[in-house]
Amino acid sequence: MLLGRVAGTLVASQKEANLEGLKFLVVRQLDVDNKETGGYVVAADAVGAGVGEVVLYATGSSARQTVLTNNRPCDAVIMAIVDTWEVGGTEVWRK
Amino acid sequence: MLLGRVAGTLVASQKEANLEGLKFLVVRQLDVDNKETGGYVVAADAVGAGVGEVVLYATGSSARQTVLTNNRPCDAVIMAIVDTWEVGGTEVWRK
Amino acid sequence: MLLGRVAGTLVASQKEANLEGLKFLVVRQLDVDNKETGGYVVAADAVGAGVGEVVLYATGSSARQTVLTNNRPCDAVIMAIVDTWEVGGTEVWRK
Amino acid sequence: MLLGRVAGTLVASQKEANLEGLKFLVVRQLDVDNKETGGYVVAADAVGAGVGEVVLYATGSSARQTVLTNNRPCDAVIMAIVDTWEVGGTEVWRK
Amino acid sequence: MLLGRVAGTLVASQKEANLEGLKFLVVRQLDVDNKETGGYVVAADAVGAGVGEVVLYATGSSARQTVLTNNRPCDAVIMAIVDTWEVGGTEVWRK
Chain A
92 MLLGRVAGTL
102 VASQKEANLE
112 GLKFLVVRQL
122 DVDNKETGGY
132 VVAADAVGAG
142 VGEVVLYATG
152 SSARQTVLTN
162 NRPCDAVIMA
172 IVDTWEVGGT
182 EVWRK
Chain B
92 MLLGRVAGTL
102 VASQKEANLE
112 GLKFLVVRQL
122 DVDNKETGGY
132 VVAADAVGAG
142 VGEVVLYATG
152 SSARQTVLTN
162 NRPCDAVIMA
172 IVDTWEVGGT
182 EVWRK
Chain C
92 MLLGRVAGTL
102 VASQKEANLE
112 GLKFLVVRQL
122 DVDNKETGGY
132 VVAADAVGAG
142 VGEVVLYATG
152 SSARQTVLTN
162 NRPCDAVIMA
172 IVDTWEVGGT
182 EVWRK
Chain D
92 MLLGRVAGTL
102 VASQKEANLE
112 GLKFLVVRQL
122 DVDNKETGGY
132 VVAADAVGAG
142 VGEVVLYATG
152 SSARQTVLTN
162 NRPCDAVIMA
172 IVDTWEVGGT
182 EVWRK
Chain E
92 MLLGRVAGTL
102 VASQKEANLE
112 GLKFLVVRQL
122 DVDNKETGGY
132 VVAADAVGAG
142 VGEVVLYATG
152 SSARQTVLTN
162 NRPCDAVIMA
172 IVDTWEVGGT
182 EVWRK
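Note that the protein sequences, when read in sequence, are chains A, B, C, D and E. The numbering of the first sequence is the working numbering, which starts it at 92 and goes up by one. The numbering of the second sequence is the working numbering, which starts it at 92 and goes up by one. The numbering of the third sequence is the working numbering, which starts it at 92 and goes up by one. The numbering of the fourth sequence is the working numbering, which starts it at 92 and goes up by one. The numbering of the fifth sequence is the working numbering, which starts it at 92 and goes up by one.
It is worth saying that the hints were derived from the structure and are not from the lab. Wrong hints could be hidden among the right ones.
Each pair may be met inside one copy or between any two copies, as identical chains are not told apart.
Unchecked claim - DSS-like cross-link-like pairs, simulated, lysine-lysine; straight-line CA separation at most 27 Å:
{"hint": "1", "residue 1": "K186", "residue 2": "K126"}
{"hint": "2", "residue 1": "K186", "residue 2": "K114"}
{"hint": "3", "residue 1": "K126", "residue 2": "K114"}
Note that the coordinates shown come from a computational prediction; the quantities given were computed from them, not determined experimentally.
Please take these sequences and the hints and turn them into a complete structure.
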């Protein structure tokens with residue numbers, strides 16, 4: 092999984108039928124020091140994340156292992172909202 | 092999923108038998124600011140996207156989770172046409 | 092899928108038993124302007140491609156969705172020979 | 092698999108239901124000379140690794156092939172703690 | 092698949108139970124000209140490769156399609172030892 096910050100929302104009305112009901116969020120990737128890497132992903136939201144929140148997202152087939160994304164053409168999912176993480180004994184982020 | 096702009100079309104008559112009927116599009120990858128990254132993918136089209144349209148595409152095994160691509164040797168699919176997305180409260184793109 | 096040009100052939104006599112009969116080709120990756128990117132892949136050939144031909148290849152689990160590669164430890168397959176593609180209304184390649 | 096050093100821990104209370112009980116660790120990627128590459132991953136811990144330990148992690152669908160991660164939206168798992176490795180006849184790391 | 096040279100061995104006694112019996116090798120990635128790219132992978136050995144040998148390795152779920160790696164948390168496998176490859180009509184490597 093990688094760390095990301097929810098940067099915004101995306102709307103797509105014309106889509107594969109079995110994507111109905113999925114909410115798409117634009118997520119900027121973060122490094123372990125909570126800095127943006129420049130990378131991003133558009134992910135389905137499985138946890139009710141809001142803009143600005145720090146999240147964990149999974150990609151590939153693992154992104155389909157949620158009730159919401161099962162059997163859907165979805166390769167990225169937000170599967171957790173991060174409360175806190177620490178690196179080298181120092182807290183980097185707290186919600 | 093990643094953002095892309097449909098840049099063109101591709102024709103391949105000599106191909107694995109079970110690819111018959113798939114339409115291939117050349118897609119330039121976009122970043123969250125709607126700029127081209129230099130990356131690209133050739134994707135199967137599951138939504139009837141046209142050249143110039145901004146789309147969302149999925150890769151890997153998730154690209155096979157559409158009626159069109161199921162059980163086929165296809166690792167990228169356009170699964171949505173983007174209406175709009177916003178980042179940091181600002182609308183970046185509207186169709 | 093990505094575009095590639097078949098650059099050469101590879102022979103491996105000592106291999107996992109279920110790879111018997113697969114033909115391996117060295118493929119240089121191309122960008123949408125038909126220039127080499129520097130990347131490459133060694134792919135199984137599912138379509139009878141020859142050296143010098145421009146092809147489309149799939150990677151990951153999708154590379155196993157051909158009769159030839161099914162259930163084999165193969166993560167890249169040439170699944171089409173490209174006749175032509177165009178970008179921005181201009182033909183980039185014709186076989 | 093890639094080499095990594097466990098750099099820290101991560102807590103996420105709001106998450107996909109089937110992630111309950113997984114421990115997440117922040118892992119810095121190492122190269123074959125035991126130097127940090129700058130890359131990282133947040134991985135589920137399947138072996139009881141501690142901060143500072145050198146580990147091996149698997150990604151993608153292979154990350155779900157442990158008792159702990161089976162059928163869960165998890166794309167990275169620590170599946171071994173490294174005792175030692177050598178390159179070119181020289182021991183690079185010993186626990 | 093990608094080309095690699097077996098650079099060394101790795102020992103991990105504390106690991107996921109179903110990894111028992113797998114031999115791990117440190118593999119440096121090669122380009123089509125037989126030069127090291129700087130990349131590497133730790134792969135399970137399915138063919139009895141020795142240090143110094145040039146091999147072909149598969150990654151992702153395809154790495155589990157061998158008798159040895161089936162259903163195991165393993166995302167890279169050496170599935171062939173390379174006898175020879177040629178590029179542009181010139182032999183680059185012969186065992």
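Okay, the hints, checked on the actual structure:
no.	hint	in the structure
1	K186 / K126	within (15 Å within a copy, 31 Å between copies)
2	K186 / K114	both (22 Å within a copy, 18 Å between copies)
3	K126 / K114	both (25 Å within a copy, 23 Å between copies)
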